[in-house]
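Visitor: Sequence lines, in order, name chains A and B.
Under UniProt numbering, think of the first position of the first sequence as 1, with each following residue one higher.
Under UniProt numbering, think of the first position of the second sequence as 1, with each following residue one higher.
Where hints are given, some of them may not hold.
Said to hold, decoys possible - Derived coverage of chain A by chain B (criterion: at least 3 residues anywhere in the stretch with Cβ under 8 Å from a Cβ of chain B; other residues may be distant): (1) 59-73; (2) 80-90; (3) 138-145; (4) 279-288.
Unchecked claim - A few chain A residues that don't get close to chain B, going by computed Cβ distances all over 12 Å: (5) Asp30; (6) Arg37; (7) Ala51; (8) Ala98; (9) Arg125; (10) Ala160; (11) Arg172; (12) Gly196; (13) Asp201; (14) Thr270; (15) Leu272; (16) Glu274.
Hints are computed from structural coordinates only; laboratory data are not their basis.
Note that the coordinates shown come from a computational prediction; the quantities given were computed from them, not determined experimentally.
Ideal Cβ positions, reconstructed from N, Cα and C, are used throughout, including at glycine.
Residue strings, one per chain:
There are 2 protein chains.
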Amino acid sequence: MASEFELIARHFTPATPGPQAGVAFGVGDDCAMLAPRPGLRLAVSVDTSVANVHFPADAPPEAIGYRALAVSLSDLAAMGAEPRWCLMALALNEDDDAWLAEFARGFHGLCRTSGTALVGGDVTRGELAIGVTVMGEVPPDLALSRAGARRGDVLAVTGALGGGAGGLVLWRRGERDLAHPLLARYLMPQPRLAAGLALRDLAHAAIDISDGLLADLEHLLAASRLGARLEADALPLAEGLVEALGGEEAHRAALSGGDDYELLVSLPATALDEATRRLAGLGLSLTPIGVTSTERGVAGVALDGHHGWQHFQGGGE
Amino acid sequence: MASEFELIARHFTPATPGPQAGVAFGVGDDCAMLAPRPGLRLAVSVDTSVANVHFPADAPPEAIGYRALAVSLSDLAAMGAEPRWCLMALALNEDDDAWLAEFARGFHGLCRTSGTALVGGDVTRGELAIGVTVMGEVPPDLALSRAGARRGDVLAVTGALGGGAGGLVLWRRGERDLAHPLLARYLMPQPRLAAGLALRDLAHAAIDISDGLLADLEHLLAASRLGARLEADALPLAEGLVEALGGEEAHRAALSGGDDYELLVSLPATALDEATRRLAGLGLSLTPIGVTSTERGVAGVALDGHHGWQHFQGGGE
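Isolated chain A (complex conformation) (with noise of 0.2 Å):
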């Protein structure tokens, strides 16, 4: 294959980010050199997405590029960060020109349409892995933790869910048009930064749904350290979803199915009618959900059998 200095020359190096992204030199460097604006909070997470764990092998390669970075992006939306940089390490078995064109394509887009300029990465050989790491900024007083939620709180999702895990099952039985609505859910999750810095100022804590509703709302609940009550009949469901699955699957896909790359919100009800509003402007739709309790656990749910439920008390109806 390809040494990684000619790979890297030839589909990662974009016009080099300057100045007005931050970037006082180092793309080629043994570093990046970055300017974090002072005064900010600097937010860093990496993911890594794996062929055939995350993502199909043979999905679309420029969906596997822009997924691989979107994954990333949802934990900055999730903190309220404004994405600024990336870093990528590419493991590859084989060095297939086109394949690498299609999923730069994917990766670059992704970080033009949201501000995040590629600054670093390796390549290595081995099965097909991408790991980002992405860092943005927030500033320190309107970052959302997972701990804040409080007693009360009114808990509401970003768009619809069971998307990602929907998509999953049409794409096992064969479905392979990106521009079916689950398919896209699933292949090009968006992640949520506008609704991220829209609500930062509003929720007191967030989470994105990565691996299920019920297993990221338990994340936010334990780090709070609090309970909730449920309306499952409230979640919103991912279009076409109940047609794809059935109402039961769909309903388990909403709660469990993970990949949807939503936000879960807690913020007081007090503010509901403002974040909503602020989200319409955005195109996007806030679901209420439920209510945060001081009683441990999760009430509400009437399914069961699904990942995830083992953490769960049962509920009452």
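Knowing the structure of chain A, use the given hints to seat chain B on it.
Guide: The following block gives chain B in isolation, referenced to the frame of chain A:
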């Protein structure tokens, strides 16, 4: 295998770093929240170490953990940056608790001695590989780029060369004693962080020697648009290298063996004495090995047939 959450909790949640480490909060949140110091540049780099590509899969797990961080920190050393934070993306095939404990001990040990706080990461299934993102800080006017070398500079290297390649040869011959100086050089390389800090106001340019002296010299010269004349006889050879490999192979290992993680610096001749004095204070030698010139290519190297040679013009001797 144990879930990602269990693995992270068991081995990779050291005492959560506090404000003194510049960590506002966030280990276990969607992102870590860091507080870079105002006025400094942020130096970032990622390096992925893959089993049986970058290290033997059956190397001592403590060495594997140590080494994965060391090779990333070496990039900070080459910029003259002070390490602050790191993230680890770990791919594992099996959940061997004893192995992981040793691996974590090696990693955390170098975190401690280098002043690097582990602030996040992820664990995925796959062939053993460790991607480490490091972040450090450096005053803008002191950062050591590859591109700053000037005509007539002295080229000098810290420590000794060839030990990485020599250690690999010994490992393949069955040597397993980590106390053997060459094996230690290969499996437990010491990132030259203190040397980078000590030289950053004296040197014009620096690079760490990971691909081999000639290959990395080429990178530095290309970035600085210069050539060089080397004195191959001046190369400082690692302890035990000639005995292990013989004289010719020892020189070849020093020129192009790679994995040495020493620093190659370009500095004015007038600064050489002071630079040498400072490194001596750190217990480290600094050896002049040549000078830069405006004539492109590297002259003065008598050996040929080694990796990287094709990138260079043959020399005069």
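Visitor: Taking each numbered hint in turn, which are not upheld by the structure, reported in ascending numerical order?
Guide: Checked against the structure, the hints that fail are numbers 1, 4, 5, 6, 7, 9, 12, while the rest are satisfied.
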